[in-house]
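Below are the chains, spelled out letter by letter.
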Amino acid sequence: MTLLSVRDLKVDLGGTPVLRGVSFDIGEGEVVGLIGPNGAGKSTLLRAAQGLLTPLGGKVERTGPQAASGEGGKAIAYLPQEREIAWPITVEALVMLGRLPHIGPFASPGPRDRQAAEQAMQLAGVTPLRHRAVTRLSGGERARALLARALAQEAPLLLADEPTAGLDPAQQMVVMRIFAGQAAAGRGVVVCLHDLGLAARWCTRLLMLAGGRIVAEGTPQEVLTAEVLRAVYGVEVFFGASADGMVVMPVGLTPAGAGEGAT
Amino acid sequence: MSEPARYRLVLLVLVALTAALFLASLAIGPMATGLLDSLRALFSEDATAIVLIMQEIRLPRAILGLMIGATLGLSGAVLQGYLRNPLAEPGLLGISASASLGAVIALYSGLAAVVPLSLPAFALAASFVAVLLVRAMAGSAVGTLAIVLGGVALTSFAGAMTSLALNLSPNPFAALEILFWMLGSLADRSMSDVWIAAPFMLVGWAMLAGLGRSLDALTLGADAARSLGVDMRRLQFLAIFGTAASVGAATAVAGAIGFVGLVVPHLMRPLVGSLPSRLLPVSALGGACLLMTADIATRLVAPGRDLKLGVLTALVGAPFFLWLVWQTRREAS
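Chains as they are written, first to last, in our numbering: chain F, 1 to 263; chain U, 1 to 333.
None of these hints come from the bench; they were simulated from the model.
Accuracy of the hints is not assured; some may be wrong.
[What the hints assert, rightly or not] Stretches of chain U that chain F covers, calculated by requiring three or more beta carbons in the stretch to come under 8 Å of a beta carbon on chain F:
(1) 188-195
(2) 211-224
[Unchecked claim] Quick list of simulated restraints, FRET-style, between CB atoms:
(3) U:Ala-20 to F:His-194: 43 to 51 Å
(4) F:Pro-255 to U:Val-152: 51 to 59 Å
(5) F:Glu-82 to U:Pro-270: 23 to 31 Å
(6) U:Ser-2 to F:Ala-185: 24 to 32 Å
(7) F:Pro-128 to U:Leu-324: 41 to 49 Å
(8) F:His-131 to U:Leu-164: 51 to 59 Å
(9) F:His-194 to U:Trp-323: 39 to 47 Å
(10) F:His-131 to U:Glu-45: 52 to 60 Å
(11) F:Glu-82 to U:Leu-87: 16 to 24 Å
(12) U:Leu-87 to F:Gln-122: 35 to 43 Å
(13) U:Ser-2 to F:Ala-241: 52 to 60 Å
(14) U:Val-152 to F:Ala-165: 31 to 39 Å
(15) U:Asp-231 to F:Gln-122: 46 to 54 Å
Cβ coordinates follow ideal geometry from the N, Cα and C atoms, glycine included.
Using the sequences and the accompanying hints, generate a full structural model.
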C-alpha cells in the first residue's frame, strides 16, 4: 500500500530552483535510499515531502494509515541531519519528545507512551544511557538517541536525513538494520545516504537525484551502474559480490571530459 | 526519587517559599509592626497609620514584587527556550528599553507630574509600538535571527532617545528624576499601579504559560519541532506578544530590572532536568522569590537611603552570572 505519493514536485529556495519536477511513491515495507551528489536536493526533497517547505508546484499526498489525522507527527517521523540538542535533557526525556503528537494537550505521557519509548530505546540500544544528559553523549550515542526519538513516534513513514553520517561502520550497520526492521514491520523508510555501499546493501529501492531531478530509479543493481555513477558523481567504481550482497566501492575520479553529457 | 516526584517537590518548595516571602514583604518596613498586626490591618477598615501603610504602601509593593518577579522569570525561560539561546532575556526584544523610553517621555514632558498614571500608560504604549516593530522586522520568516537583530537595533535606538532626553533635560532635577526612575524600584508604588499593570501581566502569562510543550519539541531544532506538529508561527506570536504584554507592564510600573530574567532560568534548569515545559512554572516562581528577596533586601540593607531594586539585582546578578559561566566552562572541559 502506498504511504506517500509525490507528483511533479517543484521547489525554489531563495529564487534558485532546487527541485525541478520530482515524482515518486513510497510504499509499506520499503527502505528507499535517496542518493545523489551534494546539492542535488536530497534534504530539500525530504523537507518538502512533509510540508516543511512550500512547493512552487506539484503535490504531495499522504495516503497511508493516519494520513487523515491531518497534522504531521502522527503520519511522518523525521530525523533531520542536524544533531544539535539545545538543552542537556536526559536520553529518556529526549525519546519521550517523539510521543508529543500522541499526547493530548495538558495530558502527561500514559502507559502506551512509556511503552513506545521503552521499545524505541531498546531498538536503538540506548536503554543503558537513559539517565545520561544528551549533551554528554558521544556522536554515535547521540545519533542513536535521536533515532530512538523518531522511532518512538511510531509513524507509518520515517524520513531520515543522513542518519549514518559520522558513525563508525558497526554503528552504520546497526542503524541500517533498524530501518530494515521497521520496513519488515510494515512501515516505509526513506533515507538519504552518501555511502553507496550501504545503499547497495540495505535499501530495497534507490532514487538517484541530480540537479533537482530523479535521474535513475530502481533496485540497487539497476541504479548503481558504472555509467550512472560516472555521469552523476564523476567517479570510477569497483563492483563486487559478497555472500551478503552487492559491493560498491568508488575507487577513483573519472578523467575530465570522459563522463560528460550524460546528466 | 523519580523525576516527576522530584519536579512536584521542587514546585511545592517554591510555592511555599513564594508565600513566605510575600508575607515577609508585607511585614518588613521602616515602621516595625508584628506580622499578625500587619495582616489584621490589611483587612481593617479603620484609618489608622498602620492600616494606611499596609493597604496603600506595603500591599501594592508586595503584589508588584511577586508579579514582576514571576513575569521576568517566566518570560526569560520562554525566550531562552524559543531562541534556543541561554543568553536570551526579557530585555532582548527591545521591550524593556522601549517601555523605559515611553516613561522617560512622560517624565520629560512633565505630564507625569500632572497625571501620575500617564507614566505607566506611556510606557505600555511604547512597548506596544516596540513589539509591532519587532514583529514587522521578523516578517513572514519563521527564523529567530531577524527578531534578535531587530530587538538589538530597537534597544539601541530607545537607549539613544533616552540619552537625548537626559541631554536636553531643562534642569538637573528633571534629569535626576529620569535617571532614578530608570534604575528600577518598587518603592512608593500604589494600588493604581497594580491595577494598570496586573491585567497586562496576566494576559502575558496566559500567552506564555501554554508554550511549554512546543518549547520542548524545539529542543530538537525548528525542523524537527515542526515535524512533531508544532506551529512555529503561533509559537512566535505568543512568545513575542506574551513577553511584550507582561514585561512591558512590569517595566511600566517598576522601571528596568535586570538580570532576574537571565539568571533565574539558569538557576532552575538543573532542578528540572532542563526540560523547557517544566522550567516555565518553576522559573516564574523562582523569579518571584528572587525579586521579593531583593526588594526586602533594599529595605534592610540601607533603610534610609532608598537603595534602588534594579541596582541591587544587577549588583548581585552580574557576579552570580559570571560564576554560572565559570561553572559551565568547567563542565564543558
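Hints, one by one, checked against the model:
Counting residues of the region 188-195 of chain U whose beta carbon lies closer than 8 Å to any beta carbon of chain F gives 0, which falls below the threshold of three, so the coverage claim is violated. Only when three residues or more bring their CB closer than 8 Å to a CB of chain F does the claim for the region 211-224 of chain U stand; here the count is 9, and the claim holds. As the Cβ distance of Ala-20 of chain U to His-194 of chain F is approximately 60 Å, the hint placing it in 43 to 51 Å is violated. The supplied range of 51 to 59 Å is met by Pro-255 of chain F and Val-152 of chain U, whose beta-carbon atoms lie about 53 Å from each other.
At about 25 Å, the CB distance of Glu-82 of chain F to Pro-270 of chain U agrees with the hint of 23 to 31 Å. Distance hint for Ser-2 of chain U and Ala-185 of chain F: a CB-CB separation of about 31 Å, consistent with the stated range 24 to 32 Å. Taking 41 to 49 Å as the suggested C-beta distance range, the pair Pro-128 of chain F and Leu-324 of chain U does not conform, at roughly 31 Å. Range check, His-131 of chain F to Leu-164 of chain U: about 55 Å between beta-carbon atoms, so the 51 to 59 Å window is met.
As the Cβ distance of His-194 of chain F to Trp-323 of chain U is approximately 44 Å, the hint placing it in 39 to 47 Å holds. Distance hint check for His-131 of chain F and Glu-45 of chain U: the Cβ-Cβ separation is about 58 Å, which falls inside the suggested range of 52 to 60 Å. Take Glu-82 of chain F and Leu-87 of chain U: their Cβ atoms lie about 20 Å apart, and the range 16 to 24 Å holds. Between Leu-87 of chain U and Gln-122 of chain F, the C-beta spacing of about 38 Å keeps the proposed range 35 to 43 Å intact.
The hint said 52 to 60 Å for the Cβ distance between Ser-2 of chain U and Ala-241 of chain F, and at roughly 53 Å that hint holds. Between Val-152 of chain U and Ala-165 of chain F the Cβ separation comes to about 34 Å, which falls inside the hinted range of 31 to 39 Å. The beta-carbon spacing between Asp-231 of chain U and Gln-122 of chain F, approximately 32 Å, falls outside the hinted interval of 46 to 54 Å.
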